[in-house]
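Chains as they are written, first to last, in my numbering: chain A, 1 to 484; chain B, 1 to 465.
Errors might be hidden in some of the hints.
[Unchecked claim] Straight-line alpha carbon distances no greater than 27 Å define the calculated DSSO-like cross-link-like pairs of lysine-lysine that follow:
{"id": "1", "chain 1": "A", "residue 1": "384", "chain 2": "A", "residue 2": "107"}
{"id": "2", "chain 1": "A", "residue 1": "254", "chain 2": "A", "residue 2": "214"}
{"id": "3", "chain 1": "A", "residue 1": "454", "chain 2": "A", "residue 2": "464"}
{"id": "4", "chain 1": "B", "residue 1": "127", "chain 2": "A", "residue 2": "454"}
{"id": "5", "chain 1": "A", "residue 1": "463", "chain 2": "A", "residue 2": "107"}
{"id": "6", "chain 1": "A", "residue 1": "241", "chain 2": "A", "residue 2": "11"}
{"id": "7", "chain 1": "A", "residue 1": "20", "chain 2": "B", "residue 2": "375"}
{"id": "8", "chain 1": "A", "residue 1": "467", "chain 2": "A", "residue 2": "457"}
{"id": "9", "chain 1": "B", "residue 1": "375", "chain 2": "A", "residue 2": "454"}
{"id": "10", "chain 1": "B", "residue 1": "127", "chain 2": "A", "residue 2": "457"}
{"id": "11", "chain 1": "B", "residue 1": "197", "chain 2": "B", "residue 2": "375"}
{"id": "12", "chain 1": "A", "residue 1": "384", "chain 2": "A", "residue 2": "236"}
{"id": "13", "chain 1": "A", "residue 1": "254", "chain 2": "A", "residue 2": "241"}
{"id": "14", "chain 1": "A", "residue 1": "254", "chain 2": "A", "residue 2": "279"}
{"id": "15", "chain 1": "B", "residue 1": "375", "chain 2": "A", "residue 2": "457"}
{"id": "16", "chain 1": "B", "residue 1": "197", "chain 2": "B", "residue 2": "127"}
{"id": "17", "chain 1": "A", "residue 1": "236", "chain 2": "B", "residue 2": "408"}
{"id": "18", "chain 1": "A", "residue 1": "241", "chain 2": "A", "residue 2": "279"}
What the hints contain is simulated information worked out from the structure, not anything from laboratory work.
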Amino acid sequence: MALSLRSGYRKIWQTLSSIKTGVVLIILVVIFSAAGTVILQRPMTEPDDMQRAYSPQMLRILDITGLTDVFHARWFVSLLVLVSLSIIAASVQRFPNSWRYFARPYKSPDENFRRVLPTQAQIPIADEEQGLGAAEHALRHLGLRSERIVRTRSFSLFAERNRISEMAVYIVHASLLLIFLGGIVDALYGWHGFLTLTPGSQSNEVALRSGAVKSMPFAVRCDSTGEETYTDGTPKRWWSKLAVVDQGREVERKEIVVNDPLVYAGLRFYQASYGSTGKLDRLILTANPTSGTGGAREISLALNQTVVLDADTSVQLAEFIPDYVVQDGRVYARSNDVVNPAAHLIVTSQKAGTKASVNVWLPEIPGFAENASSPYTFQPRDLKTVNYTGLQVSHEPGQWAVWAGVILMGIGLTCVFYMVHMRFWAIPTLDSRGHMVLWIGGTANRNRDAFEQKFQKLVEEIKKELKPQLVVSAPTQTATFAGK
Amino acid sequence: MARARAEQHPATGTTLIVMVGLSIAFLLFIAFLNVVKTGSLLTEANLLYAALIFYAGAGALYLGFGVTATDSYIKFASLATWAGLLANTAAVAHRWYEAGHPPFASVYEMLLSFVWTLAALTLVAEKLYGVKVIGTVTMPVAIVGVVLMQLLPSEVRPLVPALQSTWLHVHVTLAMLAYAACALSFALAMMFLIQDKVKTELFLVGTSLFSVGIYAGVLTRFEKWGGLSVVAWDAENKSEMFLSRGVRLLVTIPDLGWMMLLVFAAVAAPLVLYILARLRSDESFINVANRAVFIGILLQSLALIFFLLRARDGHYASLDAEGLYPTSLAASPFILSGLIGGIFASLLYLLLLWRREDLERLLPDAEALDRITYKTICIAFPLLTLMIAAGAYWANRAWGSYWNWDPKETWAAITWLVYAGYLHMRITRGWRGRRAAYFAILGFAVVMFTFFGVTYLLPGLHAYA
Numbered sequence: 001m002a003l004s005l006r007s008g009y010r011k012i013w014q015t016l017s018s019i020k021t022g023v024v025l026i027i028l029v030v031i032f033s034a035a036g037t038v039i040l041q042r043p044m045t046e047p048d049d050m051q052r053a054y055s056p057q058m059l060r061i062l063d064i065t066g067l068t069d070v071f072h073a074r075w076f077v078s079l080l081v082l083v084s085l086s087i088i089a090a091s092v093q094r095f096p097n098s099w100r101y102f103a104r105p106y107k108s109p110d111e112n113f114r115r116v117l118p119t120q121a122q123i124p125i126a127d128e129e130q131g132l133g134a135a136e137h138a139l140r141h142l143g144l145r146s147e148r149i150v151r152t153r154s155f156s157l158f159a160e161r162n163r164i165s166e167m168a169v170y171i172v173h174a175s176l177l178l179i180f181l182g183g184i185v186d187a188l189y190g191w192h193g194f195l196t197l198t199p200g201s202q203s204n205e206v207a208l209r210s211g212a213v214k215s216m217p218f219a220v221r222c223d224s225t226g227e228e229t230y231t232d233g234t235p236k237r238w239w240s241k242l243a244v245v246d247q248g249r250e251v252e253r254k255e256i257v258v259n260d261p262l263v264y265a266g267l268r269f270y271q272a273s274y275g276s277t278g279k280l281d282r283l284i285l286t287a288n289p290t291s292g293t294g295g296a297r298e299i300s301l302a303l304n305q306t307v308v309l310d311a312d313t314s315v316q317l318a319e320f321i322p323d324y325v326v327q328d329g330r331v332y333a334r335s336n337d338v339v340n341p342a343a344h345l346i347v348t349s350q351k352a353g354t355k356a357s358v359n360v361w362l363p364e365i366p367g368f369a370e371n372a373s374s375p376y377t378f379q380p381r382d383l384k385t386v387n388y389t390g391l392q393v394s395h396e397p398g399q400w401a402v403w404a405g406v407i408l409m410g411i412g413l414t415c416v417f418y419m420v421h422m423r424f425w426a427i428p429t430l431d432s433r434g435h436m437v438l439w440i441g442g443t444a445n446r447n448r449d450a451f452e453q454k455f456q457k458l459v460e461e462i463k464k465e466l467k468p469q470l471v472v473s474a475p476t477q478t479a480t481f482a483g484k
Numbered sequence: 001m002a003r004a005r006a007e008q009h010p011a012t013g014t015t016l017i018v019m020v021g022l023s024i025a026f027l028l029f030i031a032f033l034n035v036v037k038t039g040s041l042l043t044e045a046n047l048l049y050a051a052l053i054f055y056a057g058a059g060a061l062y063l064g065f066g067v068t069a070t071d072s073y074i075k076f077a078s079l080a081t082w083a084g085l086l087a088n089t090a091a092v093a094h095r096w097y098e099a100g101h102p103p104f105a106s107v108y109e110m111l112l113s114f115v116w117t118l119a120a121l122t123l124v125a126e127k128l129y130g131v132k133v134i135g136t137v138t139m140p141v142a143i144v145g146v147v148l149m150q151l152l153p154s155e156v157r158p159l160v161p162a163l164q165s166t167w168l169h170v171h172v173t174l175a176m177l178a179y180a181a182c183a184l185s186f187a188l189a190m191m192f193l194i195q196d197k198v199k200t201e202l203f204l205v206g207t208s209l210f211s212v213g214i215y216a217g218v219l220t221r222f223e224k225w226g227g228l229s230v231v232a233w234d235a236e237n238k239s240e241m242f243l244s245r246g247v248r249l250l251v252t253i254p255d256l257g258w259m260m261l262l263v264f265a266a267v268a269a270p271l272v273l274y275i276l277a278r279l280r281s282d283e284s285f286i287n288v289a290n291r292a293v294f295i296g297i298l299l300q301s302l303a304l305i306f307f308l309l310r311a312r313d314g315h316y317a318s319l320d321a322e323g324l325y326p327t328s329l330a331a332s333p334f335i336l337s338g339l340i341g342g343i344f345a346s347l348l349y350l351l352l353l354w355r356r357e358d359l360e361r362l363l364p365d366a367e368a369l370d371r372i373t374y375k376t377i378c379i380a381f382p383l384l385t386l387m388i389a390a391g392a393y394w395a396n397r398a399w400g401s402y403w404n405w406d407p408k409e410t411w412a413a414i415t416w417l418v419y420a421g422y423l424h425m426r427i428t429r430g431w432r433g434r435r436a437a438y439f440a441i442l443g444f445a446v447v448m449f450t451f452f453g454v455t456y457l458l459p460g461l462h463a464y465a
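Based on the sequences and whatever the hints tell you, model everything.
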């Protein structure tokens with residue numbers, strides 16, 4: 001029983017670690033992600049649009065299978081987890097072999113190895129020392145430091161470069177897992193929400209996408225916000241001056257713009273939207289006396305504010321309606337967008353002890369306005385409304401794993417594609433006719449044709465090193481070596 | 001061999017060069033007269049026009065080389081490409097200076113950069129890898145690109161807040177480089193297949209599938225009563241018209257849908273005939289299929305002409321709103337490039353059909369092509385990775401999340417997975433030759449879909465391009 005359990009376990013492990021499984025899983029991920037881009041997705045698409053696009057039965061099937069929110073469906077997440085497991089299994093299975101290769105490099109080539117190695121050459125030499133010295137020299141020319149390997153029955157040379165490239169694949173796989181890990185952490189513990197602030201207000205409550213409200217341990221205050229536009233009216237810049245208020249103290253200030261968020265205690269505040277609340281900040285008017293003395297003057301009014309115009313007259317801003325409509329004998333606000341504004345002013349005059357109030361409407365709404373009987377006429381000059389800033393708030397504790405994974409992947413891919421692990425061996429030996437030769441061999445783990453050329457260059461270099469020494473006598477040779 | 005041919009027909013060799021040279025000189029002269037009239041020499045439009053003339057000359061010479069294999073054509077073709085690239089570089093520089101940011105912010109600017117990259121890569125492939133015939137493919141694409149640019153709104157538009165980031169440039173530069181490398185790997189894989197003695201019929205199938213894909217894409221806009229919907233175009237503001245935020249206003253050109261349906265049937269015919277030939281093992285169907293390609297080209301050209309005539313200017317009714325609305329070619333760049341691309345692919349097939357032996361002689365050997373394809377993907381894959389990473393980092397700064405499963409993002413990830421699959425099969429399973437070449441072609445098809453298809457067919461955050 002225990003045995004069959006273990007063999008079952010082994011079978012699962014083998015299936016998981018096979019490259020075939022990996023490829024099948026990748027194909028499944030590709031198919032379902034593609035489906036997720038073609039089928040309308042739930043939170044982004046309005047329910048009305050979904051109903052318009054699909055028939056009720058179709059929609060029900062899509063909803064049940066999770067195809068209307070593929071990327072958050074359980075089975076899709078499970079698929080991604082399976083991919084991760086497959087990467088882990090494949091790496092774990094192949095790792096020990098590579099590690100042995102990496103940790104204990106093969107330095108002294110034996111006879112069998114020498115026979116089968118595809119890239120090799122033999123150069124006749126006078127003695128062991130001369131051959132090895134020349135090889136050492138030539139390798140140094142190629143920028144490789146060589147190592148003398150002494151074994152009981154042989155004396156040889158080994159040189160290599162970029163051994164790390166053998167492990168690069170594991171770096172890439174590990175980086176991918178790190179990115180997945182970050183994604184999983186964010187899916188479990190991260191959240192995204194929205195916070196709307198008007199200048200001067202502060203809040204610590206974020207409306208989450210799910211509709212719930214999240215309380216932050218600190219509050220964010222908006223000091224001011226604004227928009228700059230290009231001459232053609234397209235938005236150029238939205239900005240908000242924010243302050244973080246933690247336990248009653250202001251701890252941080254920053255002016256945020258799109259592409260430059262405020263970061264505090266692991267939360268990020270993005271400039272996401274900007275607009276008008278429809279509430280009035282200030283109304284600028286020119287007031288002209290209808291009769292007699294005094295010129296026009298400019299006045300600025302906030303809601304319910306009263307300004308004295310002359311000794312007897314004052315004006316108060318009683319109402320501001322951003323988008324007015326007249327219905328059933330009343331003035332209503334249709335929306336909060338400042339598209340069709342109306343202002344209600346009350347002009348109060350005090351003449352000979354009697355107080356008289358006149359309702360002035362801008363624009364003049366028939367039935368309400370008594371503009372004609374006002375001692376002043378008013379022309380609207382400018383309208384400043386209270387604007388809000390919409391902040392997107394996000395908490396992504398896993399993003400550091402993602403960025404670390406990205407950097408690691410960059411390093412890993414550089415090692416995989418641009419670092420070639422090349423190895424050279426040189427060993428003095430006897431050829432088939434009993435002459436002493438220097439056997440030289442080399443391998444590279446990729447880009448073999450370029451390596452072939454490099455190897456030829458090395459052989460030429462060694463031959464060149466050997467040439468002058470072949471003509472000169474033995475004592476000078478030793479002197480040369482001593483000199484080096 | 002090539003030399004022998006050239007000596008056999010010395011007249012044709014010089015005739016084409018002289019003709020192309022004279023045409024270039026004539027066109028430049030005409031352009032110069034215009035310049036004298038307006039008084040401004042180094043404007044972007046003039047530079048682009050010069051680039052177009054040189055690219056067209058180079059394209060003619062490269063094609064001449066593809067057909068006749070006269071070596072001297074290549075020299076002059078390279079020269080013309082260099083000249084075109086110079087003018088193109090000046091246009092890019094001019095644009096950059098005018099706009100104050102690198103030209104990546106609109107479809108027009110992307111095309112400007114893309115054509116530049118394409119011309120540069122052509123010269124690189126020619127000089128470094130000795131793939132001389134590649135200009136036959138890339139130059140016509142460059143010409144189509146420059147022509148398209150003439151139609152698109154070209155004035156410098158200010159950057160909307162989300163695009164005001166250094167990461168825009170990093171992201172888009174990487175995307176351009178990665179996609180260009182993918183395109184190169186595709187062309188090399190195709191050449192490998194030619195050199196690897198893949199049957200011409202398979203290219204027939206590929207060409208047919210490509211055209212069928214294009215017309216199927218176009219026919220997603222097929223409307224009731226056989227109309228074809230295109231985006232309405234506001235000529236004054238040079239922009240698309242919108243019904244509401246993010247929803248484009250579509251107008252229906254009557255009867256054009258039928259035309260497209262007919263062409264769809266025509267380009268699908270070779271595919272059907274091929275399947276019939278396979279099922280009945282009757283080779284005579286293949287000959288019919290080759291003739292069907294001919295008819296397909298004629299009908300495709302007809303469709304293009306009709307489309308040009310009807311969509312260029314005109315007011316059409318819309319299904320979603322009352323009244324007539326204008327449209328313009330600039331409103332449908334993807335349909336236009338699709339139609340031209342289909343004709344171009346069929347022409348390439350005919351070139352292969354007639355001149356296969358010449359092509360085989362001109363190309364490097366199969367093994368070298370296979371190796372270069374792999375190397376190109378080894379360059380493309382890290383670039384793709386970095387492009388996605390830069391995009392994610394930028395999205396995190398601008399939208400508040402590094403991954404939104406937006407269609408463009410998802411398809412970029414799919415592209416990445418396909419190439420990752422290629423690399424795994426090649427490295428661990430030793431996939432070489434044909435299977436690897438098919439994989440490279442599939443990868444590029446996905447790249448093209450990510451680049452054009454997603455923008456055109458699927459909605460999402462990547463609304464700029």
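Results for each hint:
Restraint check for residue 384/A and residue 107/A: the C-alpha separation of about 81 Å exceeds 27 Å, so the hint is violated. Simply put, residue 254/A and residue 214/A have alpha-carbon atoms about 23 Å apart, close enough for the 27 Å limit, and the pair holds. The straight-line distance between the Cα atoms of residue 454/A and residue 464/A is roughly 15 Å, inside the 27 Å bound, and the hint therefore holds. In summary, the hint linking residue 127/B to residue 454/A is supported, as the alpha carbons are separated by about 22 Å, within the 27 Å threshold.
Simply put, residue 463/A and residue 107/A have alpha-carbon atoms about 23 Å apart, close enough for the 27 Å limit, and the pair holds. Among the hinted pairs, residue 241/A with residue 11/A is inconsistent with the structure: their alpha-carbon atoms are about 60 Å apart, more than 27 Å. A distance of roughly 24 Å separates the Cα atoms of residue 20/A and residue 375/B; the hinted pair therefore holds under the 27 Å criterion. With a C-alpha separation of about 15 Å, the suggested pair residue 467/A and residue 457/A falls inside the 27 Å cut-off, and the hint holds.
At roughly 18 Å between alpha-carbon atoms, residue 375/B and residue 454/A fall within 27 Å of each other, so this suggested pair holds. As the CA atoms of residue 127/B and residue 457/A are separated by approximately 24 Å, the hinted pair is consistent with the 27 Å bound. Proposed proximity of residue 197/B and residue 375/B is supported: the alpha carbons are some 22 Å apart, at most 27 Å. Between residue 384/A and residue 236/A the alpha-carbon distance is near 20 Å, which keeps this suggested pair within the 27 Å criterion.
A hinted pair counts as satisfied when its Cα atoms are at most 27 Å apart, and residue 254/A with residue 241/A qualifies at roughly 6 Å. Distance hint between residue 254/A and residue 279/A is fulfilled; the C-alpha atoms sit about 25 Å from each other, no more than 27 Å. Annotation: proposed proximity of residue 375/B to residue 457/A holds, straight-line Cα distance about 23 Å (limit 27 Å). For the proposed pair residue 197/B and residue 127/B, the alpha carbon gap of about 25 Å is at most 27 Å, so the pair holds.
Between residue 236/A and residue 408/B the CA atoms are separated by roughly 25 Å; this keeps the pair inside 27 Å, and the hint holds. The straight-line distance between the Cα atoms of residue 241/A and residue 279/A is roughly 20 Å, inside the 27 Å bound, and the hint therefore holds.
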